[in-house]
Structure formats: C-alpha cells, structure tokens
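Line order of the protein sequences matches chains B and A. Residues are numbered in my numbering as their position in the first sequence, beginning at 1, plus a constant of 10. Residues are numbered in my numbering as their position in the second sequence, beginning at 1, plus a constant of 1.
No wet-lab data here; the hints were simulated from the structure.
Below 27 Å or equal to it, Euclidean Cα-Cα: the simulated DSSO-like pairs (lysine-lysine) are:
#1 B:K38 <-> A:K154
#2 A:K154 <-> B:K120
#3 A:K154 <-> A:K240
Far from chain A, by Cβ distances over 12 Å, these chain B residues were calculated:
#4 I52
#5 A53
#6 Y61
#7 A68
#8 R281
#9 I313
#10 G341
#11 G374
#12 F379
#13 G419
#14 S441
#15 T462
#16 R498
#17 T499
To spell it out: a stretch of chain B is covered by chain A in this simulated footprint if at least three of its residues, at any positions, have a beta carbon under 8 Å from a beta carbon of chain A; those stretches are:
#18 17 to 28
#19 186 to 199
Here a beta-carbon is modelled for each residue, glycine too, at the ideal position from N, C-alpha and C.
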Amino acid sequence: MEFIRNIPLFAIIVSLFSGPLCFLLEGKAAKRYTFCLELFLIAGFTALFVYILKTGEAFTYVMGEFPAPWGNEIRAGILEGVMALLFLLVLFCSVYGGSSFVEQDIDESKVHLYYALIHLMTAALLSILFTNDLFTGYVFVEILTLTSCGILIVRELGRTTLAAVRYMILNLLGSGLFLLGVVLLYTMTGHLLMVPMQQVILELSADPAAMPTLTMAVGIITIGLSIKSGLFPFHFWMPDTYGYATPASASILSSLVSKAYIFLLFKIYCRVIGISVFERMPIRSILLVLGIGGIIAGSVSAIRSDHINRMTAFSSAAQIGYIYMGLGLGGMAGYSAALFHIMVHAVTKSQLFLTTPRLAEVSGGSLLFKELQGSGRRDRDAGVFFTIAALSMVGIPILAGFSSKLQFGLAAVNAGGKALIPVMLALAVSSMLNALYFIRTIIRIYTADERTEVRPHHGPDYLIPMLLLTACNLFLGLFSRGVTELIRTGIFLFG
Amino acid sequence: MSDKLQRILEGDVELLENVSDAAEVPDSPREELKQQRKEFVSRVYQRSEMERIARAEKKSFLLLYRMVAVVSCLLLIGVLLFTVANIPRYGEENPRTLEVVRRYVEQGLQETGALNIVSGMILDYRAFDTLGESHVLFTALLCVMTLLLLDKKTIRGGALDDYHRVRQDTYFDLSKDAVIRLLGTVLVPSILLFGVYVILNGQNGPGGGFSGGAIIGAGFILFATAFGFEQADRVLSRKVLSRIVFCSLAFYSFAKGYVFFTGANGLENHIPKGTPGAILSGGLILPLDIAVGLVVACTMYGFYSLFKRGNIGGDRTSSGQ
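From just these sequences and the hints, can you work out the full model?
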C-alpha cells in the first residue's frame, strides 16, 4: 500500500494529540504551534487530494488489525478529499484571520485552552468527513458539539454564555436523536460499518413491512442532524450564536461545523441507506419544503435586523436552506448543487464574519448599522473584502454565489414536476431579498460620514486569509463546471 | 409641571414625597394640583392594568406552549413505540445481523487476549471509537475550564470575593467536621485501592479504565472534601494534573496510532497478547485502561474542583490572594 494513504490517520492522530499538548503550552506558543500544524495539514491533504485525483478512485483504510465488518474503518474518496482540503483552508484562514481578536476577547490565561479546542475540533471534523463507520460518526459528532460550545463560551460575555447554553441544549437534543436513529439502524442490521449495513438495508427494504421502521430511523437521524446544522424551523439559535462569538469562532461555526453535519447526513443517505432506497422515502420532499421555508424565513429576518452580524447569521440560515433544498430536489444535479453550495458558503461566510469586526473596529466597536455608516471608507481593505463576499452572496457572475444559484436552478429544471415552480420562485424571491439587504449594507458602509480618519492597511494576519478566501471564491466561480464534474464523480464513487 | 409628573411616574418609588413636594410649590393652584393627582392615579392604574393584561397574555402563551410541548412529546412517544414494536426480532429473521456479534463472542478471547469481551471490543476491535470517546472527556474538561476557571475578567466581576466569603463560612467547610474526617481516613484508601483493582482487572472481568477512573476520581473528591483543598493541592496541583492528562492521552493516541498504522499496512505490531486471565494479558488493553483511568480520574476531580472553587490545584489566582 502506498504510504500516502496513511495521511488521514496521521492527521487525525496528530490533531488529537495536539489538544492535550496545547493544554500544557502557554498561549503564545500554542498559537504558533497551531498555525504551523494547520499549514502542515493543508500540505498533507493537498498531496492526498492530488493522489486521489490521479488514481481516480476511493480507498478504505482499516483502523487496526480487524477488517471491515468487525473493526473501524475510514474511507477517502474525491468528495472526502476535496472537502477536507477546503475545510482545512477555511479553518486556517479563520484561526489566522481571527487571531488578533482572540487576544482581545479571551483572557490571557485561557488562550491555550482555545487552541486546544481548535485542534480537537480539527480532529473531529476530519474524522466525520473520512469515517466509514456510523458509530465513529456519532463519537466525533459529540466532540464537535462540545468543542463548538467551548469556542463559543470562551468570550465570557453574558450574551455568549446564554447563546452557548441554548446552542448546547439544541445540539444535545440533535445528538440524542441522531444516536436514537443509529441504534434503530443497528438493531435492524446488526452492523455499524457503512458498507455491510447498506447491504442488509437493501435486503430489508425489499420487504414493505420493514419500510416504515427504516423511514423512521432515517427520519430521526435527519431531524437530529438538521437541528444541529440549523435548518428552518430550528434556525433561531443562529443569530445569538454567530452574532456575539469571537470572530474566529463565528466563522468556524457557521462555515465548517454546520456543514460537517450536512456532509455526514449526505454520507449516510448515500452510503448507509443507499440513494435508491432513500429516494423511495418521503423525507426528500419534507427537506425540500423546509429548505424553501428556511430560505424565505432567513432572508426576511435578515432584512429586519439592525445588527450586521445578526443579519449575516440570518443569511446563514437562508444558505443552509439552499443546501437542504438541493438535497430535497434529489438527482445527481440536486446533490451536486448542494455539495457545491456547501463549499461556496464555507468560503464566503467565513470572509464575511472575519470582516465585519474590522468594520466595527473603526466605528466605535459597534456592529449596529447606524454606527457602521462610512466604515468602508475608513477601513478600505475591510470594505473591499466585505463587498466581494456580499456580492458573491447576492449572486453576481464570476463570483461563486452565482454559479451555485445557477446550479440550483438547473437542478430544479432537471427534477421538473411539482418542485419546479416553488424552487424557481424561492430562488427569485431570495435573490431579490439577498440583494436588498446586502446591497443596502454595502451602500451604508460607503456612505460618507463626518468621521473621516482613514485606517492604514492591515497586516498579513488579515490580508493573507482574505486573499486566500477571495481566491477560492473566484476559483469556485470561474471553474464551477470542473468542480461540479469532480463532485459528480465523487458522488458516483460514493454510492 | 407635567415634566415633574412625568418624572414622578418614571421613578414611582419616591412617589408620595414628590407629590407632596409639588404641594409645597406656592404658585400651583389647588385645583390644578387636584387635577394632576387624579390624572396621576388614573395613569398608575392604567399601567397596572396593562401589566395585568400582559401577565395574563404571558400566562396564556405559557399554557399554550406547555400544551403544545406535551402533545408533541406524546406524539413522538407514540411514533417511537410504534417503530420499536415493528423492529424485526433481533437475529431471528435475518441471520446476517448476528455476523459481527458472533465473531466478537466466539473469537474475541483468542484475537484480543482479553477474558472480558467488552474490553476486547471497545479497546481492540473498535478502538478508534474509544480513542474518540476518551477525548470527549478531555474536551468536556476544557469546556468547563473555559467557563469556570477564575480569570482576571471574572475576578473583576467579583467571583473571587464570593468564593472567599463561602470559604470563610464554616458551614460549607466540611473539612472541619470530625465525622467526615474520620470517615475519610477510613474510606479514601480503600476506595482508591478498589479503583486501582477495577482498572487493573479490566481485561479479565467487569471493569476497566472508565469505571475504575470514576471510582478513583470519587475517592479523590472525598479526600479533598474531608481534608480540605490545601491537602489535595499538595498531591494534585494544576501542573501535575495537566501533565498526567497530557501523558495519558498522548500515550493513548500514539499507541493506538501505531496499532492502526501497522494493522492497515499489514505489518507485525510485536505486542504480546499474554496468557488470558493473567494481569499482564490482552496486549495493549491494560496500559490503555490505565491511561483512560488516569484521564477519567483527573477529569472528575477537575470538575469538582472547578465547580467548588473555580480553580484546579493551588496556583496564582487563588494563592496570590
């Protein structure tokens, strides 16, 4: 076996080990160590991704001496590879871009705890992406839940503590439902690894009497994971959670954590249930309706908010709605549009959440719209990057947001039938609403104000992550066809 | 004059004094004052009426909320019961469901070298899950520390004063209590010894790192309660605790990483299985159990210490005071 196949294992073990290591280190050393490790991981996963592209197929990796139905296993294919690379890039940008705020927001004696949590979160994200075992998925979902509460609560404002408690209660409810679903599936199949489980489920699904139980199990898993990722009507925790966390945490939570849950859900649909069995269940149409509901509800709430971070958080709720709408449309076009949108949103939302605190910095530390007037003139860099990300969210061509909206439209045409008109209407209305609140914000930050002092250019800790994210954004926008082809091959290899 | 009334309305604690102040103002005619008082009373009345309505609305909302909650819970219970009633009987209708379990039971002893099948399963067959699980505890410790550890911010908020006030109150200081001290003297050594036994015996009988570690942690909590944190800090300061946790988890990660690496690459891992039933048996299970046990014990004691005094071990924030 080629040595390069060990990379996921090494990355997970090293990240798990780095948690306790940062627990011992001082804050500054932990920070430097974190940046170095993230860069190493990015390099490693780039190599792995190139390797997977070259062989053009997925491989499984036995975790220990015992093969498939008895021992744990991880799997690396095109989808896992591309997602892991993107997640690590965004994670690096968030941690590096938010590091100056980490020092401001977090007490000196707790900075090393923050970086320890980041490493454990990296391990959890990677394990969730690569797992080929349902229960491993659950264990690392637990770690992800706890670490996300940790990086939220570390700011120690009354409001973040309250948000973290609410976030934790909802997330534990989601984890509980997910575990219940896993237990039901295990009782019916006697397996926990995805491949043998899928074979037994395929046999079971031939019997119409087993279908209701099976649907129930998948339904519970879907509800659990959609609560955790913030699908309408469970999106009300988002504004407080994303709005008041330290910027690095807000960016990680909105662009990575919620996406990891969706990716796991999609993996379960493809590799545990099997797309053919899944498409016989009524779950898809429910997802479609809730997705459209999320798009509209998120956009309307975003328009009504007077706080830029709360607006961005509500816009996240709408974007999560898009992703679930793609899953609900089904078919290769729908699934690939959903996965493409996961990538687009991860890149764009992290850029927004890292930029808004910079705009606030030159506006007396306030995130309220009326204080932000003219902030784009006072901090030119932040203004430009905010504009790029906001235009991408609205869906202006050559930026990534445009391509994903186009793909949703195409997926709806492909699916045809009853879904076509509501999806098209939702796309049209939400694009208009998006434009309304994002363009309004852009105009607001460029409207002249009596405060005219201009801030000098930012240091590399802001510019490098922003340039990286903008480059990713343009890449996804310009080469959307190639990326989509890649995702489709990945989905094909998946199930 | 209406300005004054407005102010009275806003700070209605000093209501009477203010109104009598108004009465002393010489140029206010008596009629006008009467009128103002009347107006004032009616506005106060209106306000309390509005509050009453709001309370009633809140009450009816709460009632509705509770009713919806109860109905949806009942619905969920019904659906889940229906689902459970329809599950095919375990292992009877589909023999493939027993494939995994059968191998664990029949070949577990010779493949893992552990008499206790559960230990063999969680630490050998499905070791990756357990690797994650032991880090869940550590993550929980980190989260509780971020929340409860006293730092400059919380000390400025007065948390330390509260802590010292509570500490000076002998009612809460159980280490002055003769009964608890005596019981601690008797119980702590035996609890700790029992915990060690449970950990060391994990591969041969019921027990293992998680349960044994919990017992040791409980013993240590009793020790800290009976003899005070000053004594406990001499044994387990923050530095010692974090080093123990680090060494255990690092050992765990690398030992298992080594086994995963050799297993996946088809290499020999050179870990002797030992004779089943002896203490030194089951390959890596015993050392892993010890590592897990240490992490669990430290985590439990850490939780107790953080919740009780916002600190682990004596260090700068509390001893400096």
